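Undergrad: Protein chains in written order, with the working numbering: chain W, 402 to 713; chain D, 2 to 626; chain Z, 59 to 358.
Think of the hints as simulated: they come from the structure by calculation, not from any bench. All values reported here derive from a predicted model rather than from experimental measurement. Virtual Cβ for every residue (Gly too), placed ideally from N, Cα, C. Honestly, I wouldn't trust all of these hints.
[Claimed, not checked] Okay, the calculated bits of chain W under chain Z, using three or more residues with CB under 8 Å as the criterion:
(1) 423-435
(2) 444-456
(3) 514-525
(4) 591-597
(5) 631-642
Spelled out, the chains give:
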Amino acid sequence: MGMKKGMNMSRKKKISKLRRELPLHLMLLPGIVVIFIFHYIPMAGLVIAFQRFQPAKGLFGDQQWVGLGNFEYLLSLPNTMSALRNTVVIALWKIALSLVIPICTAILLNELTNLRFKKTVQTVIYFPHFVSWIILGSILIEILSPSSGIVNKFLGLFGAGPYFFLGDNRYFQGTLIVSDIWKNFGYGSVVYLASITAIDQNLYEAAAIDGAGRLRQTWHVTLPGMRGIIVLMMVLKMGDVLNAGFDQIYNLYSPVVYETGDVLDTLIYRLGLGNAQYGPAAAAGLFKSLISMVLISVSYILADKLFDYKLF
Amino acid sequence: MKKTRLTSWLAIMLSAALVLLTVGCGGNGSNSGGNTTAAGGTQNTETTQVSAEAQSAEAVQETEEIAGRKLYERTFTASGTDPDSYNQRIAEVINNLFVFYSSTGELDTKLTGYDEPITVTSALSYNAGMEDSMGYLAQAYGESMTYNRYQDIFKQVFNVDFVYSWQAESSDYDETLRLEMASGELPDMFLVTNQSDLKALADADLIWDLTDFYEEYATDALKQRYEVDDNVPLQMATFDGKLYGLPSSYSATDAVSYIWLREDWMEKLNLEYPKTFEELEGIMEAFMTQDPDGNGVDDTWGLGCTKNLEYYTRGIAAGFGAYPGYWVTDKDGSAVWGGTTEETKQYLAFLADLYKKGYINPEFVSYNDPEVTEQLLNEKVGIMYGGHWFISTVMELHSTKPDYRWRCIPLPSPAGEKVKAVIAPSVGGYLCVNKNFEHPEIAIKLSSFLRGDIGSAAYWLHYCPDVNKGPAIMSSFTPIVIPGSGMNNLDTYWNLQEAYASDDPESVLKDEAVSAWGNLHSDAPNARWAWERMFGPGEGSPMSILSEMYKSGNIFYTSFYGAPNQLMQDNWSTITDQEWQIFTNIVIGNVSVDDGFQQWLDVFKSMKGDEITTYVNEWRNETIK
Amino acid sequence: MEKTAHKSIRTSLSRKIFNICNITLMTLLTLSCLLPLVYVVAVSLSEKYYVQTGMVTFWPKGFTTAAYEYLLGKEPFWNAFFMTVKVTVLGTAVNLLMVMLTAYPLSKTNDRLTGRSIYAWYFFITMLIGGGLIPTFVLVFQLGLRDTIWSLILPDALPIFNMVLMINFFREIPVELEDSARMDGAGPLRILRSIYVPLSKPAVATIALFCMVGHWNAWFPGMIFIRTAEKRPLQTYLRSVIIQMDTSQFMGEDYGLLSMLADSSLKCAQILVAILPILCVYPFLQKYFVKGIVLGGVKG
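Taking the hints into account, I'd like the entire structure generated from these sequences.
TA: Structure follows, in structure tokens:
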């Protein structure tokens, strides 16, 4: 009797819980549908990675299966390994700096007392993000030129250089990383600034009463307040380890700096889209996806274990 | 108050989005329906506007019957600022072609129209320049990207409604076409720009074998155009003896590179034009150290170049008898890739030496064309290798600074011997017909018709000089091919020289020479100068040099122009990619000539270059007897 | 007493030094971002000769507004411009709607939403793996969306990256607020609308900006899905104007185009006009970032 009643209770509870939750599930429905249609259905097309895909035969046509042939083909290419290495090196630098610099910028911005100045800075540093790499590429080539560029003229005042930033394997990676950070740090700092402004002002007052200076307040209040967003961005960025920035590199590199500047995406572009080899391109894409998935999962678990932070 | 503002703002957006979403799901059809009605609406207003110009329309109606052939009812009504002249010119074009084809007797046999209107869907490849030109044309005549003079002609002559089911940017056209292929829907008639795509379509049985239709419907005028080039363009579209597309061939000699020098600098420094590479080096040295621009600083470079090393040093390679971007025939008569020959190594050694001596700006490795153009206009470079149209790059500055002059000389070589240049058959695209379309002959008919002798109206039809400031290349607005011959430029040049020698030049002029003559006598002095430097009389023009090379047998065709086989499709781009990567490294001294060249040969071998060479030779034995 | 006064003076002194350094640093950063813009403005207002000979730096030479006058009459540019405005407004609205609707349930704890982790991974995985170009295109084609504005909006109707950000912002809002609202009989939609959205204004503004910039700068979908010149979005159009043509591809008849395309003043004018709308909207949204200290009171 008691047992039965208990069961009834829990069943009732379950039902009422479901009823209560139902609107939430319904709210998720549009998202689920859209994602299913536009992301999950096309995934069936990943079979291209195992085919010698010819567009003329159609997506559902009688394509020739090559097993892992496309992957073997990728490995047989002379540039693949150096491209992989460059990708990881460039991407890791970009990831690290694109975390640190926008965070610092956001904190420093927040310290500015003159509101108008703060706003101006914030608006202006955001600007390069709007400019595409096609445009920025031609501007950079100009200002970084060893013979006529402003940067080298400026360095020349101190007796340094001239440096051929875009044509010398010693400097090319550095140039890529710095220019990418320059383009995007303003954009990144917006996210962090948003989270700083969400920090409870009372916490600062409490810290100030305890005698903490600005630096200590930053360390003990601001940074912990931003912890959530920082960990989140870190985890999300881990998925980018194999994305070193196609648009940028494509517009800045040249054969002489392939040694240090050629990355997976540019390699795929040259042999894939340039030559209509969709199979190898899909294979490389699949490879990239799998690696990103492993990396993100690991960092997700690490974030949970180390910072007790659940991404979602 | 403030809180509610964002909320209500958001609420409005949400509701708007909801409404749009619901409309969007089923709204696609109604959307496009809306567009059509809108288009219809504009047409209606145009008609009312045009009723004022009814007389001109009547004028056209009167000429309805030409050379015993009736016109079909047109659907296009010219509007804009000058519809009369449009109608007149179109009538003139059609009239001339009717007269021409009735004289050959082909008008009623090969070029028949259709009583029931036939709709042909097609695709248009366009670019920003064309959009600009169309802006003028829309104002003047009411033509548009989707409906232009060619479609008007097709409708009136054949009763064919030629419509574009899609348009794509010319740089994305191949990619777009492949996407359309993959989704299984192709227009009735379309241009394929890529030989391997053509082959793939043929293999998949998606396009018509046009062999019989070509035999039956191609007029002699069209056939002749291919015959002057020994039907090489047709061979490029033929697989297993079947013709799958109508090639739009054009000047093959565009691949020839010439050496351009600053004429005024040569005069100022009292220099002799070089015949050997040693003498050329002397000029470079002089340009760099003797301050030819007179600004008191040694800020000029010996040779202009960009990261496209192959293109900008092709003339130097040719001097050595090296053709690193082409298939050539060796002493034994078999085909080899030009990049693997000993001559190429010599050419690289020479370039590396020039670079080491500081004649080439080290920044060339990051330059695209705009940067080198800037150097030219900045007067930082006095020697450039380039095509005959190089002059149009510097034309603008010449108009503000008449002393700024360039000229061509015969290509220098190691010991002053004559240089041979390689050319390749140039095909801009192949017109194919969807297998599902019932009238493949229409493709041949339309091309044939336009290939007839249009007389003086041709310049307006294809270039439209009176509307735009510069001539617009109208034939880009239709995928219908109007082939030229591979030796077009030379023919034009010879024809022009005849005209210069004649008492009545206008009567001598044919084809493209008509428009060239117009440019040679243009009102704009810089345009006149530029055209004289390309096609004009006397020495020092690229065409005079080309003509001399041609007559002395120093122009030869590349050894391979077939469709790539599977291996070639897979590996070839990587091979050429590697080739120029290594070559650039050799030139800038990152690797020694010997080591670098060996490294390149190793890559060629490891990427199965030898197997590809075998295939090329097999193709050669089958095709060229 | 004395000690504290001394200390506060010292603090304010070091504070002053810090402020000066900070302001200098920020000014330098600002300049580094501003100068290219100034350069673009200068080029757009200079005469062709000075531009082509590279004499323009940060001030127009041979001042002329010809580029803008020409641009005003350039129909394809404005077609593209208004297409992008349409896509951006509509796309951002759809994005925000979808992001809010999805992020709200997912910001709940596991015991308040059965199967939450499964949902979360279902969404998240699509950030890492996709079907690629051809399958996506074929799908859009089959749905009949090709060459419609919806092909630029629906495939990315729910931007996962932004959704994850939103989840995290929503999680900052104390549960007690929601619980008390529910006691009053409010449903989830109402709670979302009247509590979550107003309380995360800075976040909403941020996400809105990200979505807007994303739509404004997108060129690839326009290239792949749009098949009519007049329906091209602005960036796709700009790409074709700005993309550098390779001389080796210039054959025969094309050389006439070369002189037309070398006009960098016009390019710069187009770039500026293309950037302006976002630059105008940005300060408006920025207001919310700065004012966004809403949560403090509730939390404390």
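Undergrad: If a hint holds in the structure, say so; if it does not, say that too.
TA: The hints, checked one at a time:
For the region 423-435 of chain W, the stated coverage by chain Z holds: 9 residues have a C-beta nearer than 8 Å to a C-beta of that chain, and at least 3 were required. Here's how the region 444-456 of chain W fares: 7 of its residues keep a CB closer than 8 Å to some CB of chain Z, so the rule of at least three is met and the hint holds. Counting residues of the region 514-525 of chain W whose CB lies closer than 8 Å to any CB of chain Z gives 10, which reaches the minimum of 3, so the coverage claim holds. Beta-carbon proximity to chain Z at under 8 Å applies to 4 residues in the region 591-597 of chain W; the threshold of 3 is reached and the given coverage holds.
Here's how the region 631-642 of chain W fares: 3 of its residues keep a CB closer than 8 Å to some CB of chain Z, so the rule of at least three is met and the hint holds.
Of the numbered hints listed earlier, not one is contradicted by the structure.
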